[in-house]
Amino acid sequence: MLFSAVAVNLPKVGFNFTTDQLFMLTALPSVSGALLRVPYSFMVPLFGGRRWTAFSTGILIVPCVWLGFAVQDTSTPFSTFIIISLLCGFAGANFASSMANISFFFPKQKQGGALGLNGGLGNMGVSVMQLVAPLVVSLSIFAAFGSHGVEQPDGSQLYLANAAWIWVPFLAIFTLAAWFGMNELATSKASLKEQLPVLKRGHLWIMSLLYLATFGSFIGFSAGFAMLSKTQFPDVQILHYAFFGPFIGALARSAGGAISDRLGGTRVTLINFVLMAIFSGLLFMTLPTGGVGGSFIAFYGVFLALFLTAGLGSGSTFQMISVIFRKLTMDRVKAEGGSDERAMREAATDTAAALGFISAIGAIGGFFIPKAFGSSLALTGSPVGAMKVFLIFYIACVVITWAVYGRHSKNKK
7 MLFSAVAVNL PKVGFNFTTD QLFMLTALPS VSGALLRVPY SFMVPLFGGR
57 RWTAFSTGIL IVPCVWLGFA VQDTSTPFST FIIISLLCGF AGANFASSMA
107 NISFFFPKQK QGGALGLNGG LGNMGVSVMQ LVAPLVVSLS IFAAFGSHGV
157 EQPDGSQLYL ANAAWIWVPF LAIFTLAAWF GMNELATSKA SLKEQLPVLK
207 RGHLWIMSLL YLATFGSFIG FSAGFAMLSK TQFPDVQILH YAFFGPFIGA
257 LARSAGGAIS DRLGGTRVTL INFVLMAIFS GLLFMTLPTG GVGGSFIAFY
307 GVFLALFLTA GLGSGSTFQM ISVIFRKLTM DRVKAEGGSD ERAMREAATD
357 TAAALGFISA IGAIGGFFIP KAFGSSLALT GSPVGAMKVF LIFYIACVVI
407 TWAVYGRHSK NKK
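Heads up: the sequence shown begins at 7 in our numbering, then just goes up one per residue.
Calculated from the structure, these hints are not laboratory results.
There could be a bad hint or two in this list.
[Unchecked claim] Pairwise CB distance ranges, derived in the manner of DEER restraints: (1) Gly296 - Leu145: 35 to 43 Å; (2) Gly299 - Thr24: 37 to 45 Å; (3) Ile303 - Ser85: 36 to 44 Å; (4) Leu52 - Ile179: 23 to 31 Å; (5) Thr82 - Thr237: 52 to 60 Å.
Computed from a prediction, not measured in an experiment: that's the story for all the values here.
By construction, the Cβ of each residue, glycine as well, lies at the ideal position given by its N, Cα and C atoms.
Based on the sequences and whatever the hints tell you, model everything.
Following this line, the structure appears as structure tokens:
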């Protein structure tokens, strides 16, 4: 999500990239993040949560340092920014391994709340980044390391490198904290062969689609909201407000998991998709037409509602995944005459693998949503075409959730 704050400022420091190219830079981290989430989620059972968390956190320092130097040289080609953008996606993959790791620490009845809290705090990083970046780019805090500002029309200085470099010391601290402070569970170890059978489950692909609609929307809106707002309401200083949507979504994710533990993930997810479809429809009425009209206040309010529901749905769908795969695996093992201990062990392994794989599919939304906005604007001059696709998708998810899980009371929990 670093590029969601950096891309919108690149023209201000001398880069002449097109709007579609800027949307592309905000979208690409989600591509590499999504592709790497699958192997990342398998790494925890293979190497252990402590070792893998320390390693995968430490390597994030590389794109942060590189980006800081790249934005200060206007001769940096677009291809270089593409590479850095893809490297930033390693952070998204790291999120998948954290979700796989935490699933081993909690029993079934508490997994929704635990996964929701971990996911919510992780998603909170999007909001923190979008809040901190606009503040630090106005300060000369890394002059000793080569940071220099670019004068703006109002006489102020823009230190865009700070948006990337501010995270380096924190990443170093978190790497050391993971290595020396995390616990390693013997039950979290499993071979790749033990994890792969989960890919044959039909529910894996259904839940991947539903999670794409919830978490994919959250991460995609987080990546593209600032750029979209800038194209529709150019007079608004959107970076002053962009952080609040991801903040609400992150809090809602934590709540979504806990609420689903009490009311049932299917029920919460179904209602949530209905609300997402309604808010998507309302968004059309807030946009300007031909550069005239529109209401930023209404646009911002509806988008906050979409962030809220995307966050709630991310928590509720993850709760569903945990419940569904634990039940499927335990029923299978017991039907084979296996012991309760074996059933619980294999259920934990299958659930962790499913959570990692499904989170990878969901993360693809972080690419498609901003790219869809960019393509729609490039082709028609309006984001309406992309928004129509999103609306149809949410309606389809309402139908799928009801047809597969909602009609049978035994699946509602």
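The hints, checked one at a time:
Under the hint 35 to 43 Å, the C-beta atoms of Gly296 and Leu145, about 39 Å apart, fit the expected range. Between Gly299 and Thr24 the CB atoms are about 25 Å apart, so this pair departs from the stated range of 37 to 45 Å. Here the CB-CB span from Ile303 to Ser85 is close to 39 Å, well matched to the stated 36 to 44 Å. Against the hinted window of 23 to 31 Å, the Cβ-Cβ separation of Leu52 and Ile179 comes to about 26 Å, which satisfies the hint.
Taken as a hint, the range 52 to 60 Å is violated for the pair Thr82 and Thr237, whose Cβ atoms sit roughly 23 Å apart.
Violated hints, in rising order: 2 and 5; the structure is consistent with all others.
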